[in-house]
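Put together the whole structure using the sequences plus the hints.
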Amino acid sequence: MMELVDMTALACTEKIRKGEISAMEALEAVLSRIRAREDALHAFLTLDEEGARRQAEAIQKKIKSGELTGPLVGVPFAVKDNICTKGIRTTAGSRILENFVPAYDATAMENLRKAGAVLIGKTNMDEFAMGNTSETSFAGAVRNPWQEDRSAGGSSGGSAAAVAAGECFAALGSDTGGSVRQPASHCGVVGLKPTYGTVSRYGLIAYASSMDQIGPITKDVRDCAAVYDAIASHDPKDATSNTRKRDALSYAEGVEGLRVGIPSEFLSESLQPEIAQAVRTAADQLKAAGATVEEFDLGLCNAALPAYYTIACAEASSNLERYDGMKYGLRASGESLSEVYRQTRSQGFGAEVRRRILLGTFALSEGFYEQYYLKALKLRRLVRDNYDRAFGRFDVILGPVAPETAPRLGGQTEDPVRAYLADIYTVAANLTGYPAISVPFGRDGQGLPVGIQLSAAAFREDLLFRAGLVLEENHKVVEHYGK
Amino acid sequence: MEQVITDEILERVSRLAALDIGETEKETVRRDLGRMVSYVGAMEQVDTSDVPPLYQVLAEEEASENVLREDEVRPFENVAELLESAPERRGEFVAVPATFDRG
Chain A
0 MMELVDMTAL
10 ACTEKIRKGE
20 ISAMEALEAV
30 LSRIRAREDA
40 LHAFLTLDEE
50 GARRQAEAIQ
60 KKIKSGELTG
70 PLVGVPFAVK
80 DNICTKGIRT
90 TAGSRILENF
100 VPAYDATAME
110 NLRKAGAVLI
120 GKTNMDEFAM
130 GNTSETSFAG
140 AVRNPWQEDR
150 SAGGSSGGSA
160 AAVAAGECFA
170 ALGSDTGGSV
180 RQPASHCGVV
190 GLKPTYGTVS
200 RYGLIAYASS
210 MDQIGPITKD
220 VRDCAAVYDA
230 IASHDPKDAT
240 SNTRKRDALS
250 YAEGVEGLRV
260 GIPSEFLSES
270 LQPEIAQAVR
280 TAADQLKAAG
290 ATVEEFDLGL
300 CNAALPAYYT
310 IACAEASSNL
320 ERYDGMKYGL
330 RASGESLSEV
340 YRQTRSQGFG
350 AEVRRRILLG
360 TFALSEGFYE
370 QYYLKALKLR
380 RLVRDNYDRA
390 FGRFDVILGP
400 VAPETAPRLG
410 GQTEDPVRAY
420 LADIYTVAAN
430 LTGYPAISVP
440 FGRDGQGLPV
450 GIQLSAAAFR
460 EDLLFRAGLV
470 LEENHKVVEH
480 YGK
Chain B
0 MEQVITDEIL
10 ERVSRLAALD
20 IGETEKETVR
30 RDLGRMVSYV
40 GAMEQVDTSD
50 VPPLYQVLAE
60 EEASENVLRE
70 DEVRPFENVA
80 ELLESAPERR
90 GEFVAVPATF
100 DRG
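Protein chains in written order, with numbering that gives the first Met the number 0: chain A, 0 to 482; chain B, 0 to 102.
Do not rely on the hints blindly, as some may be mistaken.
What the hints assert, rightly or not - Restraint ranges, calculated between C-beta atoms of paired labels, are given here:
1) B/E87 x A/E413: 36 to 46 Å
2) A/S263 x B/K25: 40 to 50 Å
3) B/D70 x A/A287: 55 to 65 Å
4) A/E147 x B/E69: 48 to 58 Å
5) B/D70 x A/G139: 42 to 52 Å
6) B/P74 x A/S263: 49 to 59 Å
7) A/K113 x B/L67: 23 to 33 Å
8) B/V93 x A/E252: 20 to 30 Å
9) A/R279 x B/V3: 40 to 50 Å
10) A/D387 x B/E87: 43 to 53 Å
11) B/R88 x A/R53: 22 to 32 Å
12) A/E147 x B/L81: 33 to 43 Å
13) B/Y54 x A/T242: 16 to 26 Å
14) A/D384 x B/T5: 35 to 45 Å
Hint data in this document are derived by calculation from the structure and do not stem from the laboratory. For glycine and all other residues, C-beta sits at the position ideal for the given N, C-alpha and C.
Encoded structure:
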């Protein structure tokens, strides 16, 4: 029989709502799985067992009294450590915030609390979400639950690994260039980057504000839709939060008549052949379910990535100015005020964060601004225009999430740029603001999960859920959780 | 065009970013930054004349429907905890190193 922790979030809450199990039993099941696997995985930076037990008790009372009835009541979940949690340490994977305890909850976090979910802890991640292997955390790397010598992907590697291993039923990540979708793909779970502005960024520690977006990491598409529904809200505390009403989550409608496009450039020779094959098989399944599928030339695929890195690093260099050792976080000692600034930042930031701050500062500095930053913003418009044209012809774009399945830990070369190339398929959704989902689609010859990416026009998450549901039907990897 | 990261550029950028680069790591940093700059420099291969920059996605369409609200004072309910984050405090104030040298 399937263990409770290997069930989906919705199946778990169904049991809680029917009174078959209590919220506390669900929590204890998860904590016992954490005891069994966490030493090896290192998916969490902070666990709050006592706080979680208090929440579970309080929520159970509200379920009994009928005060809480939603689809996520009592479900134990985890949150990436760059999302502020009141009274619980929030480090963003950085030494500079090692002892930072927020005095408030992020809005997405608050929304999940209102839905009755139980926070169990904060997940490991690349420092300030800068990376795609979850190795740059000040506390050390996350390990992939499928094969522990492999990366869980990144930067939300801890959230993806925790969900895949049954250490929680669902988790939040953040996605600036693929940081929800790519680790979800590497760990065999579902990850959504919602439309920019649908989930409030209030309380999310900023990396690149024009592209950052909080998103769910879950065991299947229905769970994903449920968490998305719970966290998406208009928030006056986030100036870019959207007022546009979201489409109803009508994933029961299927994909009959759905127009699916595959950019020919996505199936290039540098793509792992098994992933290219998975994309073709996915196309066949959508066709069999009534969709039309066509290959087309998207264009500009190689220019998007350098534009993304220029913009992300420029915004990061500005956003990370706040870590000066004055009001919160690490403060190093120094003879003068400016030496305190420099010492704090030089000791507090890791190598990759320093590199990105330097590149961003360079791209914004006098004499280089037009050639780099402004150029990137112009390319951003061209990329967006290309996607707008594509979404005139197609409802959904189908492709890979990453060029390869999970890489070995410690396999990074000396060249920082090589690692950036793994983001080639994911950054466009952040440059355009459009939503994209990563859905597990079987495994490669080495037994590692393969993910498929679906993207759609702004506010059309409903199309992603509909198509994603068709794909996952025959390719669930859920049964392998926990080995 | 390959952009060379000179000593002068490295010094200026690290000063603007308030990051110290030690003598021992200087060459590594110069090499890494050089690789990153030449990688993003590939952008020049795409013609963008007459293309206006895109600063913010999904904001342009909504510029016509600006969302305004009253500018009300709403006190933060958790000031004590907020102050606890400060590395150094004196009473209700955040203590910082002297901003000016006492001459």
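Now for the hints, and whether the structure bears them out:
Taken as a hint, the range 36 to 46 Å holds for the pair B/E87 and A/E413, whose Cβ atoms sit roughly 39 Å apart. Under the hint 40 to 50 Å, the C-beta atoms of A/S263 and B/K25, about 44 Å apart, fit the expected range. Between B/D70 and A/A287 the beta carbons are some 56 Å apart, a value that agrees with the proposed interval 55 to 65 Å. One distance hint, 48 to 58 Å for the beta-carbon pair A/E147 and B/E69, holds here, with the actual separation near 54 Å.
Taken as a hint, the range 42 to 52 Å holds for the pair B/D70 and A/G139, whose Cβ atoms sit roughly 46 Å apart. Distance hint check for B/P74 and A/S263: the Cβ-Cβ separation is about 57 Å, which falls inside the suggested range of 49 to 59 Å. The hinted range of 23 to 33 Å is satisfied by A/K113 and B/L67, whose Cβ atoms lie roughly 26 Å apart. The beta-carbon spacing between B/V93 and A/E252, approximately 54 Å, falls outside the hinted interval of 20 to 30 Å.
Hint check: A/R279 to B/V3, Cβ distance near 45 Å, so the stated range 40 to 50 Å holds. Checked against the hint of 43 to 53 Å, the C-beta distance between A/D387 and B/E87 comes to roughly 51 Å, which is consistent with it. Between B/R88 and A/R53 the beta carbon distance is about 29 Å. The supplied range of 22 to 32 Å therefore holds. Separation of A/E147 from B/L81 is about 40 Å and conforms to the stated range, judged on CB atoms against 33 to 43 Å.
In this structure the supplied range 16 to 26 Å holds for B/Y54 paired with A/T242, their Cβ-Cβ distance being about 20 Å. Checked against the given bound of 35 to 45 Å, the beta carbons of A/D384 and B/T5, roughly 37 Å apart, stay inside it.
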